[in-house]
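Just so you know, the sequences run in chain order A and B. Quick note on the numbering used here: the first sequence kicks off at 1 and runs consecutively. Quick note on the numbering used here: the second sequence kicks off at 208 and runs consecutively.
No wet-lab data here; the hints were simulated from the structure. It is possible that part of the hints are untrue.
Unchecked claim - Per the computed footprint, the stretches of chain A lying under chain B, defined by three or more beta-carbons under 8 angstroms from a beta-carbon of chain B, are: (1) 71 to 80; (2) 89 to 98; (3) 149 to 162; (4) 176 to 189.
Unchecked claim - With a straight-line Cα cutoff of 30 angstroms, these simulated BS3-like cross-link-like pairs (lysine-lysine) come out: (5) A:Lys67 to A:Lys46; (6) B:Lys371 to A:Lys46; (7) A:Lys46 to A:Lys105; (8) B:Lys323 to A:Lys72; (9) A:Lys105 to A:Lys169; (10) A:Lys46 to B:Lys279; (11) B:Lys323 to A:Lys59; (12) B:Lys274 to A:Lys59; (13) B:Lys312 to A:Lys67; (14) B:Lys317 to A:Lys58; (15) B:Lys266 to A:Lys72; (16) B:Lys317 to A:Lys59; (17) A:Lys59 to B:Lys279; (18) B:Lys266 to A:Lys46.
Every residue gets a Cβ at the ideal spot worked out from N, C-alpha and C, and that includes glycine.
2 protein chains.
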Amino acid sequence: MKINYPDGRSFNNPSHSSLHASSAKKKLIFGDRGMTLEEEINESNKYYRSHDIAVIYKKPTPIQIVKVDYPKRSRAVIKEAYFRQASTTDYNGVYNGYYVDFEAKETKNKNIFPLKNFHQHQIDHLRMCQKQGGICFVIIKYVTLKRYFVMPADTLFLHWDAQKHDGAKSIQLQDIIDSSIEIKANYDPTLPYVDAIQQLIESGKEK
Amino acid sequence: MKINYPDGRSFNNPSHSSLHASSAKKKLIFGDRGMTLEEEINESNKYYRSHDIAVIYKKPTPIQIVKVDYPKRSRAVIKEAYFRQASTTDYNGVYNGYYVDFEAKETKNKNIFPLKNFHQHQIDHLRMCQKQGGICFVIIKYVTLKRYFVMPADTLFLHWDAQKHDGAKSIQLQDIIDSSIEIKANYDPTLPYVDAIQQLIESGKEK
Numbered sequence: 001m002k003i004n005y006p007d008g009r010s011f012n013n014p015s016h017s018s019l020h021a022s023s024a025k026k027k028l029i030f031g032d033r034g035m036t037l038e039e040e041i042n043e044s045n046k047y048y049r050s051h052d053i054a055v056i057y058k059k060p061t062p063i064q065i066v067k068v069d070y071p072k073r074s075r076a077v078i079k080e081a082y083f084r085q086a087s088t089t090d091y092n093g094v095y096n097g098y099y100v101d102f103e104a105k106e107t108k109n110k111n112i113f114p115l116k117n118f119h120q121h122q123i124d125h126l127r128m129c130q131k132q133g134g135i136c137f138v139i140i141k142y143v144t145l146k147r148y149f150v151m152p153a154d155t156l157f158l159h160w161d162a163q164k165h166d167g168a169k170s171i172q173l174q175d176i177i178d179s180s181i182e183i184k185a186n187y188d189p190t191l192p193y194v195d196a197i198q199q200l201i202e203s204g205k206e207k
Numbered sequence: 208m209k210i211n212y213p214d215g216r217s218f219n220n221p222s223h224s225s226l227h228a229s230s231a232k233k234k235l236i237f238g239d240r241g242m243t244l245e246e247e248i249n250e251s252n253k254y255y256r257s258h259d260i261a262v263i264y265k266k267p268t269p270i271q272i273v274k275v276d277y278p279k280r281s282r283a284v285i286k287e288a289y290f291r292q293a294s295t296t297d298y299n300g301v302y303n304g305y306y307v308d309f310e311a312k313e314t315k316n317k318n319i320f321p322l323k324n325f326h327q328h329q330i331d332h333l334r335m336c337q338k339q340g341g342i343c344f345v346i347i348k349y350v351t352l353k354r355y356f357v358m359p360a361d362t363l364f365l366h367w368d369a370q371k372h373d374g375a376k377s378i379q380l381q382d383i384i385d386s387s388i389e390i391k392a393n394y395d396p397t398l399p400y401v402d403a404i405q406q407l408i409e410s411g412k413e414k
């Protein structure tokens, strides 16, 4: 199976295909352009950078490197490495003087959004960034419904903390609709989520 | 005395026990700890996070993964991967509502700081972040002199652009002294560079 990455890389990898089987299938069935949420955000970030609107990047996947070969006259090859747990969220950057920090999550559910999509370290990180005055949120994509939401970190904290008491392991779509800003997939940018950031900033000022 | 680092590293340093003898001696002994600038910044960042002062991380090294094995009953092993050129600087985060973005560079020179330490993409990235209202700078460590400077990105831009005209391939130490904020290596935090960020913010407000 050939995998084309948004940054231009592509490779054939039989063992890799099983890893991305679900996303490949998703590409076939859903969405006219068949992009994952990560690809949509990365494309949007390119647009925002090239138009001087915001400078936001996805962080590289943290890797623990164990063995590197340095062949003569060619580039270093990593021969043994492992995926590490990230300490932070996946995306951060700057928009109009504001620090922006967020996580992006897809779900195939048509109603609930399972809280198991999040890890404690992501919650902790978002809380710390918000305390420092950052604009913190989650971009949620309902793959089946083709709906996108910018959910404020406060909504996530509320439901995350509540599960200890009420045992609810997920957020209802209606709760997301009520507390979040819905955004529509588009062209240039693919996902105009900075408009939602601007709304979050303005609603914060009103408080 | 055995020093245990939070990330699991440890080493014996017999002179560590006399750390508080005098400030001059402290400085000398500090050098004995043999930390790289990256380690000093990472330790400082841990301090700043744990004291709710700032949330700043080094970004993971970007890796292009080519081959991954998924052994049964054990974690995935990356068997072939390559180092990729980063698009951004190494460090970013949030301090008191401000987006912070910087690069860290060491030199063994005793006077000049060579501009070849920088890549065009780092200059471009710092310029874009500054345009968005970010606080952008470089932390320079003169390893031999044991001196540390927080150099505003504007100083870097000035010398970077000037080399096209005057051909100067480096910045003189005196120019760095004149334009930068010197910081002293310390304990808790190892490198109190957020004090310099605060000064950069205040001097920016005066303009």
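What hint numbers does the structure not satisfy? Numbers 3, 4, 5, 10, 14, 16 - these are the hints that the structure violates, sorted from lowest upward.
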